[in-house]
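S.K.: As a plain string of letters, each chain reads:
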Amino acid sequence: MHAEMLVLQFSREVVDQPIIYRLVKDFDLEFNLLKAAINPRQEGLIVMELRGHPKDFRRGLKYLRDSGVKVRKVAGEVRRNEDRCYQCGTCTAVCPTGALHIERPSMAVAFEATRCSACELCCPTCPAHAMEVRLNRSAV
Amino acid sequence: MVANYQVNKTYQEINEKIKKGQAVVVTAEEIIDLVRRKGEAAAARTVDVVTTGTFSPMCSSGAIINFGHTKPPIKASRVWLNNVPAYAGLAAVDVYLGATEPTADDPLNKVYPGEFKYGGGHVIQDLVAGKAVHLVAEAYGTDCYPNKRVEKDITLKQLVNAVLFNPRNCYQNYNCAVNLSNRTIYTYMGPLRPRAGNANFCTAGQLSPLFNDPYYRTIGIGTRIFLGGAVGYVCFPGTQHNPAKPRGENGIPLGPAGTLMVLGDLKKMSPRHLVGVSLLGYGCSLTVGMGIPIPMLNEEIAHYCAVTDEQLLAPIVDYGHDYPAATGRILGQVSYAQLKSGKMTLDGQEIPTVPLSSLVRAREVAQLLKEWIEKGQFLLGEPVDMLPGSEEIHCVRTASRDS
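Chains A and B, in that order, give the protein sequences.
For the first sequence, our numbering gives the first residue as 281, with consecutive numbering after it.
For the second sequence, our numbering gives the first residue as 6, with consecutive numbering after it.
One or more hints might be untrue.
Footprint (simulated), chain A over chain B, 3 or more residues, beta carbon under 8 Å [unchecked claim]:
| # | stretch |
| --- | --- |
| 1 | 198-207 |
| 2 | 283-297 |
| 3 | 343-349 |
| 4 | 361-373 |
Keep in mind that the hints were calculated from the coordinates and are not lab data.
Just so you know, even glycine gets a beta-carbon here, dropped at the ideal spot from N, CA and C.
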């Protein structure tokens, strides 16, 4: 499973197309809409989390761009400062994707960056301020 | 109470073995299997010291600092360290810096939930990390102390004295926190999602010091301990120390009971074992690494040290309603084995469990203390007095609240 928070910008020409429907139907992707708006100039904006198999995700992203939708990743990526993290586990209370989870029986707190959706909930939650947001270079 | 034990060792005998580098030391996790295989008496004969460890936010912590007389001298009445207020109602240049004190201009919970990015605990960690800390002191001026304002950068090395002095640490057992309300709440037990979305707990369980000495048979006033990466001491029962809390058949308190007042030389401590922390929506604190050695005086001590997570129960408390309303209601009991497993059940609902206490670092502390003792660098301190509750249970209800 791969998930990313995206900002989609629709030009006037495509704003009336059922693009999100196709994204779900043809690419088997799940979406969670956080914001959707059409401005007075008839341009559309959507902020949403898109989730699915990495391969479908890539194909879906290509479809969006080919359809004339501008795609940006919302945030940078979240990284863990290994010097600051003292392996308590508080972050696992809020991590929605399980990227932060506890390994047993060691009770070590693992961070799987590939499962992270960069929602940043862990950042203010981490007592030691170990979770940091950095600019994601691969962001479009 | 005169008991007839098969094994009888004294502090002096164990310390002689430590000095010779012959003491057998195991952690409170390692002793479990040993007692299971060999029995309590044999384990007590083999082992000399059991080391415990814990690594958790402990809000009732702070540092006594003497920042040195200035020229001209000052009788400081208001003091800030990196803009965090310290209590200066002591003699001239003595101050007490509390771990939960936020920066003077912190927005607190005005923007909810507040982030409390920097506070007393962070200043303490910065000091032990060797960083310079900005000190501002103000005074009203007297004939003998004419100076009214001092501003300078200080480092831990330059301070005349710096003592970590924690009035209440090392709780013997603690609540398992859930939230039965309909909104996310932010507590000193971490964020709690609505409708019991998660259950947070905060002790090291079978490795935790006072779980291994439930009746304070060995941990007392004068016990030498591992504190913040250096040597420290138990100096008194902690505030709200309450040995009269209900106990299970195994003698283990079923809720927060005993506490310890501890101190040690801050100058020798390390930023790895004293970590300034921010608890979202709650405040600042200090995470303290503490380890206490338990001398294997007899088989009864082995019996208590062999306690397992399955036998340790935490009370489940609703922080959405009951805790802030101080109803004292307990929803049930859950074992630390269950809590550490990752899920528990409450009223038929499965809830993910979340630790706030670092077991990884607690093990590191117990292991470090074990190595110190094995190398003969750390001798056991025999208590000069025992803690209340060691001989008889005083039926004094000191507090209904435990935070």
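S.K.: It remains to establish, for every hint, whether it holds in the given structure.
M.R.: Hint-by-hint comparison with the structure:
Given as covered by chain A, the stretch 198-207 of chain B passes the check, having 3 residues with a CB less than 8 Å from a CB of that chain where 3 are the minimum. Look at the stretch 283-297 of chain B against chain A: 5 of its residues bring a Cβ nearer than 8 Å to a Cβ of that chain, three or more, so the hint holds. Three residues within the 8 Å Cβ limit are the bar, and the stretch 343-349 of chain B against chain A gives 3, so the coverage statement holds. Check on the stretch 361-373 of chain B: 6 of its residues sit with their Cβ under 8 Å from a Cβ of chain A, so the three-residue criterion for coverage holds.
In summary, this structure violates none of the numbered hints.
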